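**Student:** All chains should be modelled from the sequences, with the hints used to inform the complete structure.
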Amino acid sequence: MELIGLANYALFMGIFIGIYALLALGLNIQWGFAGLFNAGIAGFFAVGAYTSAILTSPSADGRLGGFELPFFVGWFGAMVAAALIAWPIGKICLRFRSDYLAIATIGVAEIIRLVIKSEEVLTNGARGITNIPRPFGDLPYVQSQLAYLAIVAAVLVVAYLMVQRQFNAPWGRMMRAIRDNELAARAMGKNVEYRRLEAFIFGAALMGLGGALFAHFNRSITPEAIDPMVATFLVWIMLILGGSGNNKGAILGATVVWIIWSVSEIATDQLPHEYAVKAKYIRLFLIGLMLQLVLRFRPEGILPEPLRGDTRTDDNAVK
Amino acid sequence: MGFLELINFYVIPGVVLGSIYALGAVGITLVFAILRYAHLAHGDLATLGAFLALAVVTALGLPPLVALPVAMIGTAAVAVGIDKAFYEHLRERPKIVTVMASLGIALMVRSVVQVVWGVDSESYVRGIVRPENYFGLRIKDREIYTVVFMIGLVGVLQLFLVKSKWGKAMRAMSDNPNLALLSGIDNKKVVMLTWIIAGGLCAAAGVFLGINTELKSMMGWHMLLPMFAAAILGGVGRVEGAVLGGLIVGIAEELSVLVLPSEYKAAMAFVILLFMLLVRPTGLLRGKVL
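Protein chains in written order, with our numbering: chain A, 1 to 319; chain B, 1001 to 1290.
Quick caveat, the hints were computed from the structure, so don't treat them as lab data.
Model, not experiment: these values are computed from the prediction.
Among these hints, one or two may not hold up.
[Stated by the list, open to error] Using 27 Å as the maximum straight-line C-alpha spacing, the simulated BS3-like pairs for lysine-lysine come out as follows:
no.	chain 1	residue 1	chain 2	residue 2
1	A	LYS91	B	LYS1265
2	B	LYS1095	A	LYS190
3	B	LYS1163	B	LYS1140
4	B	LYS1288	A	LYS190
5	A	LYS117	B	LYS1095
6	A	LYS248	B	LYS1163
[As the list claims (entries may be wrong)] Take a look, some chain B residues computed to stay more than 10 Å from chain A by CB distance:
no.	residue
7	VAL1080
8	LEU1193
9	ASN1212
10	LEU1225
For every residue, glycine included, the Cβ atom is placed at its ideal position computed from N, Cα and C.
**Tutor:** Below you can see the structure in the form of structure tokens.
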């Protein structure tokens, strides 16, 4: 019994790691490649989750829906919707330094939260959307979890291979050139704003896909399903700890941080109730502190961004 | 709807809310202009200030206005401490790294508030305050205090920036940091002074929000967007611009209820922010664009 419970928990955790790894990959395109600060990850996540939910769920009274499209259409729709939200924001804010984008994305996430809470026709308000079909959801519990883990892993591998390919491709090199020296890249004739917009939209689409995977896994999505600030922050610490600019680092960071986060939750849930509530906030404090420590002592993360040539050895020689 | 009703129910609350935003926005605009990054923990510092004042109010039974200086000093000290512990060593790195650190600080400050004071709503004084009637205008005493204190605090700050040696040093750092450093201005002191002022004003914003509404652990985070919108609307680096921006954002939020469902009041600040970035990123009073 214990062993089965443990195995089930591991499956559950594996699926969540896969979803967060997708979000971290998306953020890596934005921050790691292009140096764009997105503080509204949860907003794009929610747009993806709700879009896919509306497209694939059976009809219900009082809200838009009943399209009952296959899940892959919903997932594609989630990516498109998140990209469409990202486009105007990027268009307006990417002309300036990334500070402005940070503020604007906080705003976007806030507006999306308001829309989800109050537009009952779209999102069914606080009750949320239920009965979202899950691929292989008719199988017995364990098999169905296993099948979903396989799907998430497959999506993650495809996303990883595509992003990794771009990292070494001319596009990826150009993005890093823009990130590291905007002026020089501009002098080489690169269209900096347009390229940044591309990176921002691609990243947002991956975040939307992550949201869709989450909604289909839970079979439902409500406004309370995720805490926007916590989700956004977790993805950030995953990427920074794992190594921004390194796709393997993003996935490694997602694994490490999610294991720490969910195991510490189990540990604190054993405490008596009045301490358990406080312990949640202490965990948040510690995860914030962890970011400060990583930024200070290992800003390149566990797996640093791979550098070409021997710039690294040169650095050491100078020191 | 009559003219008086428009004033009583929308413009006066807007001015009060706007004064609160203005107090926060002045700090944001100073940090943005002098230290050159967007400080995302500003709202949560305001929450901390409000709860520090609550601690004084409940422990000593003082009125919140008397607790205000204590909260301002306490928050200023915390702000300087945060800078020393977490931001100082990032100064040589790209500024955006500090923005990220400040997002983490926001989370940390908020969780401290949540651990110490819990997540329930609190208020400084119990009971309902009836507004006084001035020639048909219905104004509460605390609304008058809020606006008067805001004008007073910003006035003193403006005098300090224009007249005193250190105020001039701060403005010099904002205008041209390299030239300021070359002419012998002590960067460390300017940074510390900026944080003392920003922290104190943050606490004032939080305390006045608490006096006029209630204290919640998320109150500051929800103020962050309007405060940034106010700072950018007025022009980054312009103290009087931040006040003007704060008042406009506050009044716009209250008036938006006339045309939009009230749930979207908070969206007003965001609309103003995007509109200004699109049309006139320097702000109304020609601030700087980073």
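**Student:** Looking back at the numbered hints, which does the structure fail to meet, lowest number first?
**Tutor:** Those not satisfied are hints 3, 5, 6 and 10.
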